[in-house]
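J.: Could you build all of it, start to finish, from the sequences and the hints given here?
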Amino acid sequence: MPRQAGAALVGGNRLRLFVVAYLVGIAVAEICVVFVNVSIGVLAEGLLALASINHYLFAGRRSQGVEGAESASGPLAVLLVIPLVPLVRILSLTMTFEDVSDLTQYSVVGIPLLLGAILTGRAVRSRHLAWRPVDWPSQGLIALSGVPLGFAAFLVARPPALHAGWRQILFGTLSLSISAALTEEFIFRGLLQETLSRLFGGFALLLSTGAFAITYLAVRPVDYLVLIIIVGLLFAWAVERTGSLVGVVLAHGLLNVGLVLVWPWVVG
Amino acid sequence: MTSTVNELTRSFLASTSERESIAVDVFAIALLFVLLLEWELLRAYIGQQRRLRLDVLAGTVVPLLAAFAVIVTVRATGLR
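Just so you know, the sequences run in chain order A and B. If you're matching positions, the first sequence starts at 6 in my numbering and goes up one per residue. If you're matching positions, the second sequence starts at 64 in my numbering and goes up one per residue.
Hints listed in this document are in silico derivations from the structure and should not be mistaken for laboratory results. Hints are supplied without guarantee of correctness; some may be wrong.
Okay, the calculated beta carbon distance ranges per label pair [unchecked claim]:
#1 Val135/B <-> Ser143/A: 43 to 51 Å
#2 Ala77/B <-> Glu245/A: 37 to 45 Å
#3 Thr140/B <-> Arg246/A: 43 to 51 Å
#4 Glu103/B <-> Trp270/A: 46 to 54 Å
#5 Glu103/B <-> Pro153/A: 47 to 55 Å
#6 Thr140/B <-> Trp270/A: 31 to 39 Å
#7 Arg82/B <-> Leu211/A: 36 to 44 Å
#8 Thr140/B <-> Asn42/A: 21 to 29 Å
#9 Leu134/A <-> Tyr108/B: 22 to 30 Å
#10 Thr140/B <-> Asn18/A: 46 to 54 Å
#11 Ile92/B <-> Val272/A: 38 to 46 Å
#12 Arg106/B <-> Val227/A: 45 to 53 Å
A few chain B residues facing chain A, derived, Cβ under 7 Å [as the list claims (entries may be wrong)]:
#13 Thr65
#14 Val133
#15 Arg143
Every residue gets a Cβ at the ideal spot worked out from N, C-alpha and C, and that includes glycine.
T.: Written out as structure tokens, the structure reads:
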């Protein structure tokens, strides 16, 4: 392909346009999965993931002569992170099976996804994978927001109480905190928001929250989706302001544990 | 109640036809196959450009390998 064509895939505004197109395409595919046809939607999500990766491989080499070191830490990195969003759906539909509790399913799907996110984080040199001191007072306050948010989520969704032994509750707590909360926060706030902000600045908050919300399209009742959008925006803003994922991961974990394990048991 | 396990996955397991379930599994495996093929092509290309990095594909390939293992296990044991 001529050099001009390669440059067309990389130039700032064109890259922004492509990134928005990939995200809109994923949103349409997700709507197709939930409301129209699962297999067609999954096929579309897979093709979009493939397109994004190949866009990175091609444009990275064309723009800088060397694929890898420079492009992975630059604006093109978002093209490696976008495929994680379709992967959420592909893995959730291929790795779940009957006769297994939801608490186990969270781990079966969440752990490979987390591993993929960590590998992608290393490739794009995410700052969230580097060790930094934690500002515990502010992160602690952010984490505590998970308690009222969990209660609000319970009031909206009203899931039934689980009649489980202490071992299942312990496993459920770990599963909901690590496999669900850590994985989602690392993908959407850690990687997607960070790499989108290299291209879109503050607008990245809205885009990453939109991508986060679209993966919740299937949850019922629909009011819960509104809560998810509010939670997504709050968490995105907290990460933007503090530069740390610690508080939002803990808050998301408390929200999940409160919603599924604690509040249904306490309130009934 | 998460993005990974929600009403969609439950209804997919409970009511989806065998044909659609197989189609989703086939699409996931096909995506893995294409990425592994690209990985090998890039590995060959590395001989010419040593600075090319393969780990950019690992973040997508590794979860799909896990999905492949689960699909094969679940199909072989009749869990789905």
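J.: All the hints need checking, so say for each whether the structure fits it.
T.: Comparing the hints with the structure gives:
For valine 135/B paired with serine 143/A, a C-beta distance near 46 Å keeps the hint of 43 to 51 Å intact. In this structure the supplied range 37 to 45 Å holds for alanine 77/B paired with glutamate 245/A, their Cβ-Cβ distance being about 40 Å. Checking the proposed 43 to 51 Å range against threonine 140/B and arginine 246/A shows it holds: the Cβ atoms sit about 48 Å from each other. The beta-carbon spacing between glutamate 103/B and tryptophan 270/A, approximately 52 Å, falls within the hinted interval of 46 to 54 Å.
Taking the beta carbon of each, glutamate 103/B and proline 153/A are about 51 Å apart, inside 47 to 55 Å as hinted. The supplied range of 31 to 39 Å is met by threonine 140/B and tryptophan 270/A, whose beta-carbon atoms lie about 33 Å from each other. A beta carbon spacing of about 39 Å between arginine 82/B and leucine 211/A agrees with the range 36 to 44 Å that was offered as a hint. Separated by about 28 Å at the C-beta atoms, threonine 140/B and asparagine 42/A satisfy the suggested range of 21 to 29 Å.
Checking the proposed 22 to 30 Å range against leucine 134/A and tyrosine 108/B shows it holds: the Cβ atoms sit about 27 Å from each other. A hinted range of 46 to 54 Å for the beta carbons of threonine 140/B and asparagine 18/A is consistent with their spacing of about 51 Å. Between isoleucine 92/B and valine 272/A the C-beta distance comes to about 44 Å, which sits within the given range of 38 to 46 Å. In this structure, arginine 106/B and valine 227/A meet the distance hint of 45 to 53 Å, their C-beta atoms being roughly 47 Å apart.
For threonine 65/B, the interface hint holds, since its Cβ comes within 7 Å of a Cβ in chain A; the closest pair sits about 4 Å apart. Look at valine 133/B: its Cβ gets to within about 5 Å of chain A, closer than 7 Å, so that hint holds up. The beta carbon of arginine 143/B is positioned within 7 Å of a beta carbon in chain A (closest approach about 5 Å), and the interface hint is therefore held.
Violated hints for the displayed structure: none, as all numbered hints are satisfied.
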